[in-house]
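Asks: Read off the chains here:
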Amino acid sequence: MEKIGVIDYGMGNLHSLGKALERVAGNQRIVISYDPEELIACDRLVLPGVGGVKAAMNELRRLELNEMVIEAARKRPLLGICLGMQVLLERSEENGGVAALGLIPGEVIRFIDPPMDAVERLKVPHMGWNRVRQSRPHAVWAGVPDDSWFYFVHSYHANPVNPEHALGESDYTRTFASAVARDNIVGFQFHPEKSQSVGLRLLANFAAWDGDSR
Amino acid sequence: MLAKRVIPCLDINAGRVVKGVKFEDLRDAGDPVEVARRYDAQGADELVFLDITASSDDRPTLFKTVEAVASAIFIPLTVGGGVRTCADVRALLSAGADKVSINTSAVLRPDFVTEASDRYGVQCIVVAIDAKRVSKKGQPPRWEIFTHGGRKATGLDAIEWSVLMVQKGAGELLVTSMDRDGTKAGYDNELLRAIADSVPVPVIASGGVGTLEHLEQGLSQGGADAVLAASIFHSGQHSVGEAKQYLSRHGVTVRMPAPLAFTV
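Residue numbers (this note's numbering), protein chains in the order written: chain Y, 1268 to 1481; chain E, 484 to 747.
Take these hints with a grain of salt, some might be off.
What the hints assert, rightly or not - Simulated crosslink set (BS3-like; lysine-lysine; CA at most 25 Å straight-line):
1. E:K667 <-> E:K635
2. Y:K1270 <-> Y:K1342
3. Y:K1286 <-> Y:K1270
4. Y:K1286 <-> E:K615
5. Y:K1321 <-> E:K651
6. E:K651 <-> E:K615
As the list claims (entries may be wrong) - Some chain Y residues judged to face chain E by a derived CB distance under 7 Å, without partners named:
7. L1281
8. M1324
9. N1325
10. K1390
Everything labelled a hint here was simulated from the structure, so no lab data went into it.
By construction, the Cβ of each residue, glycine as well, lies at the ideal position given by its N, Cα and C atoms.
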């Protein structure tokens, strides 16, 4: 039986993600764990996360999961969600600058706080439903209409160096990469597990993905 | 562009959705899972559960309800009512809530908001602001914070309190006008505007919706980021879909749910 491993490193609540994966995973088993050995034995891995990047990287290191993720990312389909997507990049400017996993070249940068006297103040965090434009075809987009709405909660966003690594784009104060991809790795800034049926479709596509990015 | 959110609010008592006026004359309005599914299918952007259970003995029932609903819908779920400690926050998040709403406990001890948001992230800490207008006609407007369902004055200025709550770590404010709640006369848009212009986090308008026009006014006049309503949806007066179509016709950006990409 194939297994989808959800990396539980204490950064946020995995309840809705676990339920959503159970709903879409067919006959695969969902393994929620912080044990590197148990996780590396899974066929696909999901790296979730909410909170600050410094605490996230510290926990990944403390639990000896950072090396496991990098190792797993060489051959298995890997999905990062929200903060779990941000740590896939090289560095984040949050918490005074933190080195991350470096699987996708580029930085994570902050939205610009609006001046209090601006005519239309776009608030930070970017919280709520926004559209995602599909930058290029990918297996995870199958059956997901272009420009679909997804649920976001974040103050920082990915800024990949290579435009090909931007899988989807959204507009909020600026155009930013709301989905990233490289080889067998994908990352969503938004929460597919809270984005109703289009979100479940994305997770179902990931659960069926062989990691081929072509 | 970020959509304005439409959020049905469900009062939960002993595992059932109830409706009543000002916590009195409670009538059964259905099974929480069925009601939540219905609003989800209509295109609700989030759901808010308000636990109005009088006795804390019934908390396990609430957790079971949250768990059942969280497993049935895949949109954010906020749960409020009687959240007093970090253990309460954790228990609700573990049961499947995405956010918790803190009210009286924040007034009693503002640092509780900081503790909860430090531990679980600002994205899941909503502070409920229950405000009543205390200025007389002709005076500059002033609102005060009330607790215990609007019965107990605190002397706190609502605008100053809102700013403080965000500094303490609130990721969102749920602003209810106690004057308007249950009146169907519309939100207190002056109150909403005063708070929305003073804080950098999203504001959810609450209290007083009687028509779809009121929703639009809360967004345009009140400057809110999201509109919460209960009775216009529970009574069947309007569906969430009708509300969104109305808002869309009036130039508001709202999320129109896609044709089902995955059957939930």
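Asks: Taking the hints in turn, state whether each one holds.
Replies: Here is what the structure says about each hint:
For the proposed pair K667 (chain E) and K635 (chain E), the alpha carbon gap of about 23 Å is at most 25 Å, so the pair holds. Restraint check for K1270 (chain Y) and K1342 (chain Y): the C-alpha separation of about 15 Å stays at or below 25 Å, so the hint holds. A distance of roughly 15 Å separates the Cα atoms of K1286 (chain Y) and K1270 (chain Y); the hinted pair therefore holds under the 25 Å criterion. For the given pair, K1286 (chain Y) sits about 40 Å from K615 (chain E) by alpha-carbon distance, which is inconsistent with the 25 Å threshold.
Distance hint between K1321 (chain Y) and K651 (chain E) is fulfilled; the C-alpha atoms sit about 20 Å from each other, no more than 25 Å. Distance restraint check for K651 (chain E) and K615 (chain E): the Cα-Cα separation of roughly 22 Å lies within the 25 Å cut-off, and the hinted pair is therefore satisfied. Restraint check, L1281 (chain Y) versus chain E: the minimum CB separation of about 10 Å is more than 7 Å; hint violated. Because the beta carbon of M1324 (chain Y) sits about 16 Å from the nearest beta carbon in chain E, more than 7 Å, this interface hint is broken.
Interface hint status for N1325 (chain Y): violated, as the beta-carbon distance to the closest one in chain E is roughly 15 Å, over 7 Å. At a threshold of 7 Å, the smallest CB-CB gap from K1390 (chain Y) to chain E is about 6 Å, leaving the interface hint in force.
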